[in-house]
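Listed below, chain by chain, are the residues.
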Amino acid sequence: MTIKLDARIPAGPLAEKWDKHRFEMKLVNPANKRKYHVIVVGSGLAGASASASLSELGYRVSCFCFQDSPRRAHSIAAQGGINAAKNYQNDGDSVWRLFYDTVKGGDFRAREANVYRLAQVSVNIIDQCVAQGVPFAREYGGLLATRSFGGAQVSRSFYARGQTGQQLLLGAYQALEKEIVRGSVTMYERHEMLDVVIVDGRARGIITRDLVTGEVAAHVADSVVLGTGGYANVFYLSTNAKGCNVTATYRAYKKGAAFGNPCFTQIHPTCIPVAGEHQSKLTLMSESLRNDGRVWVPKKKEDCGKKPGEIAEQDRDYYLERKYPSFGNLSPRDIASRAAKEVCDEGRGVGPGGRGVYLDFADPIARLGEQTIRERYGNLFEMYQRITDEDPYKQPMRIYPAAHYAMGGLWVDYNLMSTIPGLHVVGEANFSDHGANRLGASALMQGLADGYFVLPATIGDYLATAKPDTLTADHPAFREALDGVQARTARLLAVGGKRSADSFHKELGHIMWEKCGMARNAAGLRQALEAIPKLREEFWRDIAIPGTGAELNQSLEKAGRVADFLEFAELVCTDALHREESCGGHFREEHQTADGEAKRDDANFAYVAAWEYAGDGRAPVLNKEPLEFENIHLSTRSYK
Amino acid sequence: MKVVLHVWRQAGPSAAGSLVDYEANDISPEMSFLEMLDVVNERLIVRGEVPIAFDHDCREGICGSCGMMINGAAHGPMKLTTACQLHMRSFKDGDEIWIEPWRAKAFPVIKDLVVDRGAFDRIIQAGGFVSAPTGSAQDGNAIPIAKQAADEAMDAAACIGCGACVAACPNASASLFTAAKITHLGDLPQGQPERMRRALAMVHQMDIETFGSCTLFGECQEACPKGISIDTIARMNWDYLFAAATERQGAEVGGTG
Chain A
1 MTIKLDARIP AGPLAEKWDK HRFEMKLVNP ANKRKYHVIV VGSGLAGASA SASLSELGYR
61 VSCFCFQDSP RRAHSIAAQG GINAAKNYQN DGDSVWRLFY DTVKGGDFRA REANVYRLAQ
121 VSVNIIDQCV AQGVPFAREY GGLLATRSFG GAQVSRSFYA RGQTGQQLLL GAYQALEKEI
181 VRGSVTMYER HEMLDVVIVD GRARGIITRD LVTGEVAAHV ADSVVLGTGG YANVFYLSTN
241 AKGCNVTATY RAYKKGAAFG NPCFTQIHPT CIPVAGEHQS KLTLMSESLR NDGRVWVPKK
301 KEDCGKKPGE IAEQDRDYYL ERKYPSFGNL SPRDIASRAA KEVCDEGRGV GPGGRGVYLD
361 FADPIARLGE QTIRERYGNL FEMYQRITDE DPYKQPMRIY PAAHYAMGGL WVDYNLMSTI
421 PGLHVVGEAN FSDHGANRLG ASALMQGLAD GYFVLPATIG DYLATAKPDT LTADHPAFRE
481 ALDGVQARTA RLLAVGGKRS ADSFHKELGH IMWEKCGMAR NAAGLRQALE AIPKLREEFW
541 RDIAIPGTGA ELNQSLEKAG RVADFLEFAE LVCTDALHRE ESCGGHFREE HQTADGEAKR
601 DDANFAYVAA WEYAGDGRAP VLNKEPLEFE NIHLSTRSYK
Chain B
1 MKVVLHVWRQ AGPSAAGSLV DYEANDISPE MSFLEMLDVV NERLIVRGEV PIAFDHDCRE
61 GICGSCGMMI NGAAHGPMKL TTACQLHMRS FKDGDEIWIE PWRAKAFPVI KDLVVDRGAF
121 DRIIQAGGFV SAPTGSAQDG NAIPIAKQAA DEAMDAAACI GCGACVAACP NASASLFTAA
181 KITHLGDLPQ GQPERMRRAL AMVHQMDIET FGSCTLFGEC QEACPKGISI DTIARMNWDY
241 LFAAATERQG AEVGGTG
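These protein sequence lines are chains A and B, in that order.
The first sequence runs 1 to 640 under the numbering used here.
The second sequence runs 1 to 257 under the numbering used here.
Same shape as in the complex, but just chain B:
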């Protein structure tokens, strides 16, 4: 099959970008979307042109590296699927495909489709962990955890940190990403001691990173390749409100430790 690509090309963080057209011929429907880009890039390299830069690594839909807007949808048209797991059989011969990087102030473009998602790491640094230094743990079966709680924690923990939720959100909010971690750890007994502090610090860090606010459009849930539910955002809001209302005066807030 043959498709026509309109790809966002941007030489560097401060360079101006634009959409550039490429014809991709001899594409097989069995190829993954990224393999189709590989083919386009191979042809560019042989012609001495700079190939399209995009982040990718595991190509199994779990590392969260890849991510791009494909025809205006984060990771493309197939639900619950990362760009690397999208296959060309989802397109038709002759289709035009627009490919752009995640668009969010907090995710500046580095080159072409590659963006800087360091803001996500800093949100985790603010409180997305359980302080359990190596060696301090008790036996793994010492605290029974109801299967339902463990399953719900796992549902939220499945987040791969790809950034699709931010890219899909009209406000470029990172609420789904942040709420997923707050829910994962808040569902487990091990996460309780730091639960309130975590909610305050992580929400505060979202603001520092210039992500937008959540107005419950629900686009994030639609775009999430791992099916994280916006119920987690309700959970985050509850934890945040409760923590803010009961916060001890003078308690530290923020991600700078």
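Next up, chain A with everything else stripped away, as it sits in the complex:
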């Protein structure tokens, strides 16, 4: 073990840690801030909000994104809402309750101190976004409206129709653009980060490829921030955008950053089912639909072929309401997903292939009227109809779980710094706040908490303490990293095989979904760990990339990302195999209760698994950060 995991959690009572820590951290004098240059990779909620906020503080910032504009990052696709402990509804919400719900929802595999801080700053996020002009939904009295999400019994999710992520991202994007025109942020669109550069043990820059010209270049900075999102595309079919990839975080892992809990992946219960073999991605139907929609399947297998309207009320199994009466249709995502899989495995699934359950709005439409439902979910219903050619106002939606989010990510300490000094990680790219299962409407909260409020406070402490010296891209470490990236690109182009990157990606995704998806077991994971290296070998023998490296070449971009997924997938399976318990999104079939619920093992697995790269072809090294629960009693999660 070479990495020393020090979470640097401040001492003192939970509720005072963040305040106390902010006071104790060193500050950078305003006149000195402009001397420091920070690189932010990624322009989603976390990256854009961090870039804008750091620039407002006075730092010089360079922000990189692979899309043609920072406004297109995948945060934009988040639909339902953003949590905040405002208690505007007077329904008993509080910072403590949001903290408790999040730790419990994460099946007790998150760090208490981080989650408490997240709940604390959640209230500032809403204020900040309103001030930017984010058009949140409002009541007739002009005050902010909220709705409920899974895993909570209070109404604390603020929303902008079904486009909450879009509106929050546009708020952060506009703040970023404001700083770009002021000259303190330099924006690099259509650039992909292909390596991080370490000098004297500290992150000092990155290597990028300009996706339009193919130029590979080195960028020097005093600190590097990764806000590069999650890796759900390791499953190929997921709700993530096509471009989402693991490359930035995986390259950082190979340079020494520990990877935390890679097996904690979230399968979202409400997605439009797969329609055919050419499916390129899956589309989410917001969890907020479960506020009103009721999930059911036929009680009898024989009814599965019937039209839903022909199945009488007493022949329907509203299985979430039956199994989890207190939370019902608003059970957390991992539980709702597994319950859907279970009824489909029993042969009671509906639609093509029997892989689907109904999400029915007949009751709420009868109770509230079609107009109210249209106001709440109109755009989601339209999207559903466009994709499936079925009208959800007239017949129930068909939904099925799909890979959606990565709770795992690069390990970070309380200051959001990875095990590489100077390399900070924000948003979905880090592992920190959601434990083994993320609650709905918490991703937007965490991305913006990290970017607007946490990182801007903690990065100053690093810079003031480390006082990085001046450096140029002539340094041998930059030359070496640059040569490495160019050599890899040349190697990819030289294979001259017959198979496309997508075909390899699909095959990998199939292995991962079958063996490391909603339910996992040791035998299946071992099979995956044998199959993945073989597929990787074939990839490097047979990948076909037409065109050159000196132009816009989307085949080359994909191949580079798939090559990383082919290595990273092994890490996910290794982690899943080692974690001999079921918790949250990680369900090991060997570890379940008599009624099929997840069986956690707190005595042996109440820790963060932080994997350390040990060289190609060598098993990664497991480091453990024990999770200490001083404020919440470890209990069996129950939503019954």
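Hint data in this document are derived by calculation from the structure and do not stem from the laboratory.
Just so you know, not all the hints are guaranteed correct.
[To be verified] Keeping only pairs whose Cα atoms sit at most 20 Å apart, straight-line, the calculated EDC-like set for lysine to aspartate or glutamate is:
(1) Lys147/B <-> Glu597/A
(2) Lys2/B <-> Asp127/A
(3) Lys299/A <-> Asp317/A
(4) Lys624/A <-> Asp413/A
(5) Lys255/A <-> Asp461/A
(6) Lys147/B <-> Glu139/A
(7) Lys147/B <-> Glu277/A
(8) Lys79/B <-> Glu390/A
(9) Lys506/A <-> Glu42/B
(10) Lys624/A <-> Glu277/A
(11) Lys323/A <-> Glu139/A
(12) Lys498/A <-> Glu42/B
(13) Lys79/B <-> Asp389/A
[Claimed, not checked] Listed below are several chain A residues computed to face chain B (Cβ distance under 7 Å; list not exhaustive):
(14) Ser69
(15) Lys301
(16) Asp303
(17) Lys306
(18) Thr593
[As the list claims (entries may be wrong)] Cβ pair distances, simulated, as ranges:
(19) Gln192/B <-> Gly183/A: 21 to 29 Å
(20) Gly617/A <-> Asp26/B: 35 to 43 Å
(21) Gln192/B <-> Glu342/A: 48 to 56 Å
(22) Gly17/B <-> Glu277/A: 29 to 37 Å
Because the structure is a prediction, the values reported are computed rather than measured.
Positions of the beta carbon are idealized from the N, C-alpha and C atoms, including for glycine.
Go by the hints and put chain B onto chain A.
This is chain B only, laid out in the frame that chain A set:
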């Protein structure tokens, strides 16, 4: 089903382009339009040919990356739909489909169907924001906002910045895009302090970027996948005229900050 494609192929920004024909066989009506292009590209790659480059990302109709002229219509024949959400069931077996990039001086072609829409970002930079530095906000409920105003702001804020409005406009005007942002922020109390400056600067930046002028053809509204109304353009014109008439002499104008 089988369709015949005529696709604009252009190797680079300064290369000459032309329409190239492709036969797309074994297409299922359930495929999205972009999945149909994926299938065509897979076959090209296996044959060692360079696949058709096109921008796309979320494939849920929200990121605004994809955009192409399909049979002369921005995003194709279905109203209120981006290219990624268009499905092949909108076409018939044997159809011929012409696919071209957005055509506008301000959106130069990078390759095939990929264009540079950086001009949109620069219009936002000119004034499409509220200056509210992180940490300076008051409580979110401190200023009540009438539901109607919030809803109208949201209607305009739904713009995804895809560029269909520009591509559909005979003048290649960016008025709908710009007006949507001016309306979104102008409808809200938070947008008032910078409202006049915003209108002047954003309209000025449109001119700098060589977009054409608006002559109210209304094609933009027809093409907009998010249903942004040209009423927003009336709003922009009102704000611009009022701002121009009341502008203080010597006040800064323009997008260069």
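Tested hints:
For the suggested pair Lys147/B and Glu597/A, the alpha carbons sit about 44 Å apart, so the restraint of at most 20 Å is broken. Taking the CA atoms of Lys2/B and Asp127/A, the gap is about 53 Å. The hint is violated against a cut of 20 Å. Restraint check for Lys299/A and Asp317/A: the C-alpha separation of about 5 Å stays at or below 20 Å, so the hint holds. A C-alpha spacing of about 13 Å is found between Lys624/A and Asp413/A, which places the hinted pair at or below 20 Å, so the restraint holds.
Proposed proximity of Lys255/A and Asp461/A is contradicted: the alpha carbons are some 23 Å apart, above 20 Å. Our distance criterion of 20 Å between C-alpha atoms is met by Lys147/B and Glu139/A, whose separation comes to about 6 Å. Our distance criterion of 20 Å between C-alpha atoms is broken by Lys147/B and Glu277/A, whose separation comes to about 44 Å. Of the pairs offered as hints, the one joining Lys79/B and Glu390/A holds, with about 17 Å between alpha carbons and a cut-off of 20 Å not exceeded.
A threshold of 20 Å between alpha carbons decides the hint, and for Lys506/A with Glu42/B the separation of about 13 Å falls inside it, so the pair holds. Distance hint between Lys624/A and Glu277/A is unfulfilled; the C-alpha atoms sit about 40 Å from each other, more than 20 Å. Proposed proximity of Lys323/A and Glu139/A is contradicted: the alpha carbons are some 34 Å apart, above 20 Å. The suggested pairing of Lys498/A with Glu42/B holds, with an alpha-carbon distance near 10 Å, which does not exceed 20 Å.
A distance of roughly 15 Å separates the Cα atoms of Lys79/B and Asp389/A; the hinted pair therefore holds under the 20 Å criterion. At about 5 Å, the closest approach between the beta carbon of Ser69/A and any beta carbon in chain B falls short of 7 Å, and the interface hint on this residue holds. Interface restraint check for Lys301/A: the shortest CB-CB distance to chain B comes to about 26 Å, outside 7 Å, so the restraint is violated. Taking 7 Å as the C-beta cut-off, the interface hint given for Asp303/A is violated, the closest approach to chain B being about 25 Å.
Residue-level restraint check for Lys306/A is violated (minimum Cβ-Cβ distance to chain B is 22 Å; threshold 7 Å). With a least beta-carbon distance of about 37 Å to chain B, the hint placing Thr593/A at the interface is violated under the 7 Å criterion. For the pair Gln192/B and Gly183/A, the beta carbons lie near 26 Å from each other, so the given range of 21 to 29 Å is met. The given range of 35 to 43 Å is respected by Gly617/A and Asp26/B, whose C-beta atoms sit roughly 41 Å from each other.
A beta carbon spacing of about 54 Å between Gln192/B and Glu342/A agrees with the range 48 to 56 Å that was offered as a hint. Between Gly17/B and Glu277/A the beta carbons are some 33 Å apart, a value that agrees with the proposed interval 29 to 37 Å.
Comparing the model with each earlier hint shows violations of hints 1, 2, 5, 7, 10, 11, 15, 16, 17 and 18; every other hint is respected.
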